[in-house]
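J.: Each chain is listed here by its residues.
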Amino acid sequence: MNCREFWENLPQRGHDITGEQAGHLAECGTCAAQWGPHRALAEGLHSMVEEWRKMEAPPHVEAGLTAAFRSQAGFRIRRSLRQSWWTPVFAWVSGAAAMIALAAVLMRGHVPAPANVAAPHRAPQSLVQMASLDADSDDDAAVLGEGFVRLPNAPRIDPNEDYNVVRVEVPGSAMIAMGVSVSEDRAAETLLADVALASDGTARAVRLVPDGGTY
Amino acid sequence: MAQYTAQTDDELLFRLRNGDEQAFAALYRRRQGAIYRFALHMSGSPAAAEDIAQEVFLALLREECGYDRERGTLSGYLFGIARKLVLRNLERGRADVPLEPEGDEVAPRELAVVDDPLAGLTRHEAIDALRRAVQALPRRYREVVVLCDLEELDYAEAAVVLGCPIGTVRSRMHRARALLLEKLNHDRKPRIAVDAWKPMRYAI
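Protein chains in written order, with my numbering: chain A, 1 to 215; chain B, 1 to 204.
Each hint can be trusted.
Chain A stretches covered by chain B per the calculated footprint, using a threshold of three residues with CB under 8 Å from any CB of chain B:
#1 32-41
#2 49-58
Listing some non-contacts, in silico: residues in chain B with all C-beta distances to chain A over 12 Å:
#3 Thr8
#4 Arg69
#5 Arg71
#6 Gly72
#7 Asn89
#8 Leu90
#9 Arg140
#10 Gly163
FRET-style restraints, in silico, Cβ to Cβ:
#11 A:Gly23 <-> B:Glu70: 35 to 43 Å
#12 B:Asn18 <-> A:Ala188: 56 to 64 Å
#13 A:Glu50 <-> B:Asp187: 20 to 28 Å
#14 B:Ser45 <-> A:Pro59: 15 to 23 Å
#15 A:Gly23 <-> B:Leu87: 36 to 44 Å
#16 B:Glu152 <-> A:Glu27: 24 to 32 Å
#17 A:Arg53 <-> B:Ala156: 18 to 26 Å
#18 B:Glu70 <-> A:Thr30: 44 to 52 Å
#19 B:Ala156 <-> A:Glu20: 16 to 24 Å
#20 A:Ala67 <-> B:Ala47: 13 to 21 Å
#21 A:Glu50 <-> B:Asn18: 33 to 41 Å
To be clear, the hints were calculated from the coordinates, so they are not data collected in a lab. Using N, Cα and C, we set each Cβ at its ideal position, and we do this for glycine too.
The following block holds chain A by itself, in its conformation from the complex (with noise of 0.2 Å):
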């Protein structure tokens, strides 16, 4: 070690050199004699750094900051209950059902066809006016038309209620399952049905479409 390499790689605390360095200094009269200085600044630094090690703010400072906490805290509690996570979900959850019910009560009396489905057609007043003259029949092919069947558990529909027909596919085997005649090896196949939608929207009789798939 040359005496440039001692200064350049002085450890950060002066007083703790290496066997090498002590070696040069044992070496190399010219840094021993400045290395001393060094040596007594680095152990007076280190005394100093014994001295006050003790010195800290004084307590009034951490008094007023724990004050400052108290009031920091509660104002984030109170900020985290305006504006927690789940605010916003509340709000679009919210939004959604508002949503959901304004569109039930736009489709009272007016259903959408799905996509696969073709257009609705409502039954011709005449149809439900000639039927209102069998009321009592509970016939409901007489009220909505040829071939529809009640669902089960579904009120009929009332000959001066409105009321749409909505086209749809669906399995063979639950056309036989809602009482409709169907052959069992269609049970199988997707058959095209119209099913009558009575003015609250709920579903209320079916009908199996022909293979020509006109009434």
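Keeping the supplied structure of chain A fixed, place chain B upon it in accordance with the hints.
T.: Frame of chain A; chain B shown alone:
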């Protein structure tokens, strides 16, 4: 409180941000001494040091506190705030009295050859002499001495606090120690200039 002493600064910070007062107290008690001493060494005023220590921890309470653990330790962040406040304080008070024009480009002069600049002084006198010498250093040298020698930050941490390369910290330390020795010698031999002391030594 014992459960908090084993926690890291970052863990305590997380807790205090969630309203844990004990965590705040633990973090404050762990770090306030160093921050207060740094401010006191730098400003020379206990009142200013109190204000600075308080401001540093108030900054930590603010939600917009810019601490980023990726950029350094919480301790370093606190020292960084304290340093800015100290500089503001010094600018207001103009309390900085440099021994010579500041600048890293100043070439270090050869050290005066004195075996022990603190020899013959009691421990209390020696520490007092050192404190005055540190206080008299130009600000940029004083801060490296306070951070590295008195608060025992390593050069890398000090470089983050000061926002300069580690080599700059090292060179400032070298220069600061030379200036400290010069100041101590000057104070011990007030009528004999340091430069004039060398020939006398050879004449003996």
